[in-house]
Amino acid sequence: MRKNVRRACSLFLAACLAVPAALLTVKPASVQAQDTTAEEASAEEDDTIVLRVSNWEEYIDLGDWDEEETIDLESGDIIGENSMIEDFEAWYEETYGRKVKVEYSTFGTNEDLYNMLTLGDVYDLVCPSEYMFMKLMAEDMLVPLSDHFYDTSDPNNYYAIGVSPYIKGIFDAKTIGGEPWSKYAAGYMWGVTGIVYNPEVVTAEEASTWKILNNSKFKRQVTIKDNVRDSYFAAVGAIKSDLLTSPEFLNDPNYSLRLEEEMNDVSPETIQAVQDYLQTVKNNVYSFETDSGKADMITGKVVANYQWSGDGTYTMDQADEDDFTLAFAVPVESTNIYFDGWVMLKSGLSQDPAKQHAAEAFINFNSRPDNVIRNMYYIGYTSVISGGDDPRILEYADWNYGAEEDEEETADYPLGYFFSGDPDDEDYMVTVPADQINRQISAMYPPQEAIARSSIMVYFDADVNEKINQMWINVRCYNIYQIPVWAWCLAVLIIGGIVFFLIRSRRKKNYD
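When we follow the numbering used here, the leftmost residue of the sequence shown carries the number 1, and every step to the right adds one.
Calculated from the structure, these hints are not laboratory results.
Possibly wrong hints are sitting among the right ones.
Claimed, not checked - Calculated cross-link-like contacts (lysine-lysine; reagent style DSBU-like; alpha-carbon spacing at most 30 Å):
1. Lys301 - Lys467
2. Lys217 - Lys101
3. Lys301 - Lys219
4. Lys282 - Lys99
5. Lys282 - Lys168
6. Lys174 - Lys346
7. Lys183 - Lys99
8. Lys467 - Lys101
9. Lys211 - Lys301
10. Lys282 - Lys219
11. Lys211 - Lys183
12. Lys217 - Lys240
13. Lys174 - Lys282
14. Lys240 - Lys99
15. Lys183 - Lys168
16. Lys217 - Lys183
17. Lys174 - Lys467
18. Lys282 - Lys240
19. Lys183 - Lys101
20. Lys346 - Lys168
21. Lys282 - Lys301
22. Lys217 - Lys282
23. Lys346 - Lys183
24. Lys211 - Lys99
Stated by the list, open to error - Derived CB-CB ranges, DEER-like:
25. Lys219 - Thr245: 17 to 27 Å
26. Glu449 - Thr152: 30 to 40 Å
27. Pro247 - Ile495: 52 to 62 Å
28. Asp172 - Asp112: 41 to 51 Å
29. Thr299 - Cys489: 17 to 27 Å
No experiment lies behind these values; they were computed from the predicted model shown.
Just so you know, even glycine gets a beta-carbon here, dropped at the ideal spot from N, CA and C.
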């Protein structure tokens, strides 16, 4: 049975427009990779290290839990008494013998963060989404993680010890300029996009396609994301649905590579097709939204909501409290697999080994299994950390979603792909209520068949950004198809009247 947990509401508030990189000047700097150690960081112990961290809003445990919120696992209880920031500062001094002061701030969108950086704000450690840390990598703005950070013989390197083998494989395989993500980025949270829907009104088949956004059966009953990247991705999935679901495409030996290419297609023809599709979607949906879709689903204003899996889980949780069942579907065409990851900035660290050690320690502290659980409980998203040999994160999945002993209808839900890298690993099988399938656990830990059709969003260069943004302006700021015939006739009459008046005035002036 699903336990009653607190979820933060809005996480990935995205911007309508991204400022083209070509309009901003970024001065690249050269910073040699440092193999920082605790001994290096302990120099000048009387000085407090000031670590400037910027993260998404409501994206770290702020503590102050009530006693009834205690997570009682087989391996011991977990509760957030202090904020994660306070606990890190105390842990760092106790572990490394030097004080650290975290100056913590937040941002609302990836584009907000990028604008802050290019306009002169200075941070040491930030947590953007994958397409933004790819952009920062490409623009040579990041410091690589030290060799020591990945040394699994250090028991305090919780990230290297506990990162999911599935996530590690992605971060090692994806590259920018020939360098893997993992050289510069350490994952934090991850998930997929999909459709939260009311199963009493919408069938699983109807919800399992991006074409639901333009399905006239649900006119004014569906919401779409009010940001260009997510809406573009969904539109591409809809307009290419026949291709993406064809047997020839699905059986292609290079399916994953081709899927990523198709879902990130920015050819002029595709951009125009996306604009045309979103113009028609605009006539069909209830709203473009960033946060209100969750409440609209819970109150029944809409029957389907394009959502990130973490917010989808929150929505289903809240509906359950009102005895209102919602479900989650991953479109058959493709789903966006997204990541948020910690990266260190050259402009902040300035070749300071003590700062880099503190920054990497901050990542590790948030990767410690008990702290991973605190953060997941508080913000509602899924951590990239599986815990290695520590069983608590798996126990937490069972605590949330596992069936009670007297549950009659149950199903086995495999999590091996995430926890051990083996989809068939029976040591990572959770027995859940049968009605959990296609609900919370499927959003938090998507099934292997959904993961197989996932694609990342790549970052776009300045030229492509400009074209995509103009498309979005055309969609959001006006809709030519919504202008009625009488309005066109009136416009013609007004323009004709103005032209007639100007001609008549000029003739009169000539006669005078």
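Structure-based check of each hint:
1. Lys301 - Lys467: violated (34 Å)
2. Lys217 - Lys101: Outside the cut-off at roughly 55 Å; violated.
3. Lys301 - Lys219: holds (12 Å)
4. Lys282 - Lys99: Violated. Lys282 to Lys99 sits at ~53 Å, over the 30 Å cutoff.
5. Lys282 - Lys168: violated (39 Å)
6. Lys174 - Lys346: holds (22 Å)
7. Lys183 - Lys99: holds (27 Å)
8. Lys467 - Lys101: violated (43 Å)
9. Lys211 - Lys301: holds (20 Å)
10. Lys282 - Lys219: Cα-Cα ~10 Å, so holds.
11. Lys211 - Lys183: Cα-Cα ~38 Å, so violated.
12. Lys217 - Lys240: Within the cut-off at roughly 21 Å; holds.
13. Lys174 - Lys282: violated (34 Å)
14. Lys240 - Lys99: Distance of about 55 Å is beyond 30 Å: violated.
15. Lys183 - Lys168: holds (11 Å)
16. Lys217 - Lys183: Roughly 48 Å between the alpha carbons, so the hint for Lys217 and Lys183 is violated.
17. Lys174 - Lys467: Holds, at roughly 25 Å.
18. Lys282 - Lys240: holds (19 Å)
19. Lys183 - Lys101: holds (26 Å)
20. Lys346 - Lys168: Distance of about 24 Å is within 30 Å: holds.
21. Lys282 - Lys301: Measuring from Cα to Cα gives roughly 17 Å; hence the hint holds.
22. Lys217 - Lys282: With a Cα-Cα distance of about 15 Å, the restraint between Lys217 and Lys282 holds, given a limit of 30 Å.
23. Lys346 - Lys183: Distance of about 14 Å is within 30 Å: holds.
24. Lys211 - Lys99: Given pair Lys211, Lys99 is violated - Cα atoms ~54 Å apart, limit 30 Å.
25. Lys219 - Thr245: 17 to 27 Å: holds (24 Å)
26. Glu449 - Thr152: 30 to 40 Å: At 31 Å between Cβs, range holds.
27. Pro247 - Ile495: 52 to 62 Å: Holds - the Cβ-Cβ distance for Pro247 and Ile495, about 53 Å, lies within 52 to 62 Å.
28. Asp172 - Asp112: 41 to 51 Å: Because 29 Å falls outside the window, the suggested range is violated.
29. Thr299 - Cys489: 17 to 27 Å: Taking Cβ atoms as reference, Thr299 and Cys489 lie about 40 Å apart, which means the hint is violated.
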